[in-house]
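For the protein sequence lines, the chains are A and B, in the order given.
If you read the first sequence in this note's numbering, its first letter stands for residue 1, the second for the next number, and so on.
If you read the second sequence in this note's numbering, its first letter stands for residue 1, the second for the next number, and so on.
Derived from the structure by calculation, the hints contain no laboratory data.
Keep in mind that a hint or two might mislead.
When the alpha-carbon atoms are kept at most 30 Å apart in a straight line, the in silico DSSO-like pairs for lysine-lysine are as follows [claimed, not checked]:
#, chain 1, residue 1, chain 2, residue 2
1, B, 55, A, 105
2, B, 64, A, 105
3, B, 66, A, 105
4, B, 41, A, 38
5, A, 3, B, 55
6, B, 14, A, 3
7, A, 3, B, 64
8, A, 70, A, 38
9, A, 3, B, 66
10, A, 105, B, 41
11, A, 70, A, 3
12, A, 16, B, 41
13, B, 20, A, 105
14, B, 20, A, 38
Covered stretches of chain A (in silico footprint by chain B; criterion: 3 or more residues with CB under 8 Å from a CB of chain B, positions within the stretch not fixed) [what the hints assert, rightly or not]:
#, region
15, 43-50
16, 62-75
C-beta atoms are modelled at their ideal positions from N, C-alpha and C, and glycine is treated no differently.
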Amino acid sequence: AQKVTQAQTEISVVEKEDVTLDCVYETRDTTYYLFWYKQPPSGELVFLIRRNSFDEQNEISGRYSWNFQKSTSSFNFTITASQVVDSAVYFCALSELGTALIFGKGTTLSVSS
Amino acid sequence: GAVVSQHPSWVICKSGTSVKIECRSLDFQATTMFWYRQFPKQSLMLMATSNEGSKATYEQGVEKDKFLINHASLTLSTLTVTSAHPEDSSFYICSARQGTAGELFFGEGSRLTVL
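Kindly generate the complete structure, drawing on both the sequences and the hints.
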């Protein structure tokens, strides 16, 4: 069965600090996809990244970076030099081929100025 | 990128009434659509998987007679909350898949408040 664990419920940082959001997943399939979404207070889900199980290359996009390690079943997300606008709930999600996304419980990030 | 649109964005209704939420894929054909529910400060929970032209598959614990899902075309799925009660107040989000293993796109969500 699929499972996504985001152990950090809430994180508070001060602007310009780096912050890492952890995500650990479980799946029996060899083909699967991992996602990160941002959900601001308005509620809509903002897509951040999708990774397939065969691509372990780390990714950097501006201040965002992702570290995918199959050996530890983790897909962690780091925000460098955090900003107040980064405050939101962040969800890690997993889908196996053709299935729905299963979400973790989310991590609420609060960035203060 | 592909767009999935939900309507209405928010709705307030009286207890006992039924509410219909639409999910449309605007620029692609969606063979499969998914419906999620999100209670305040909680995660998104999958309610059902909707395949065009066939009956929806509901997750355990979701009442299929209460949450009616219709996926009559490749661009439209509807969720009807029948005889709504205050405990059905929630944020409902749909997603649509492009093809069988393609990208998954989310709608903006519909916030239901039952008085």
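Do the hints match the structure? See the list:
For the hint pairing residue 55 of chain B with residue 105 of chain A, the CA-to-CA distance comes to about 29 Å; that is within 30 Å, so the pair holds. Taking the CA atoms of residue 64 of chain B and residue 105 of chain A, the gap is about 25 Å. The hint holds against a cut of 30 Å. Proximity of residue 66 of chain B to residue 105 of chain A is assessed by CA-CA distance (about 25 Å); at most 30 Å being required, the pair is judged to hold. Proximity of residue 41 of chain B to residue 38 of chain A is assessed by CA-CA distance (about 14 Å); at most 30 Å being required, the pair is judged to hold.
Taken as a hint, the residue 3 of chain A and residue 55 of chain B pair is honoured in the structure, with Cα atoms around 26 Å apart against an allowance of 30 Å. About 36 Å separates the Cα atoms of residue 14 of chain B and residue 3 of chain A, which puts this hinted pair outside 30 Å; it is violated. With a C-alpha separation of about 24 Å, the suggested pair residue 3 of chain A and residue 64 of chain B falls inside the 30 Å cut-off, and the hint holds. Distance hint between residue 70 of chain A and residue 38 of chain A is fulfilled; the C-alpha atoms sit about 23 Å from each other, no more than 30 Å.
Restraint check for residue 3 of chain A and residue 66 of chain B: the C-alpha separation of about 27 Å stays at or below 30 Å, so the hint holds. Between residue 105 of chain A and residue 41 of chain B the CA atoms are separated by roughly 9 Å; this keeps the pair inside 30 Å, and the hint holds. As the CA atoms of residue 70 of chain A and residue 3 of chain A are separated by approximately 15 Å, the hinted pair is consistent with the 30 Å bound. Between residue 16 of chain A and residue 41 of chain B the alpha-carbon distance is near 26 Å, which keeps this suggested pair within the 30 Å criterion.
About 27 Å separates the Cα atoms of residue 20 of chain B and residue 105 of chain A, which keeps this hinted pair within 30 Å; it holds. At roughly 27 Å between alpha-carbon atoms, residue 20 of chain B and residue 38 of chain A fall within 30 Å of each other, so this suggested pair holds. For the region 43-50 of chain A, the stated coverage by chain B is satisfied: 5 residues place a CB nearer than 8 Å to a CB of that chain, which reaches the threshold of 3. Counting residues of the region 62-75 of chain A whose beta carbon lies closer than 8 Å to any beta carbon of chain B gives 0, which falls short of the minimum of three for the stated coverage.
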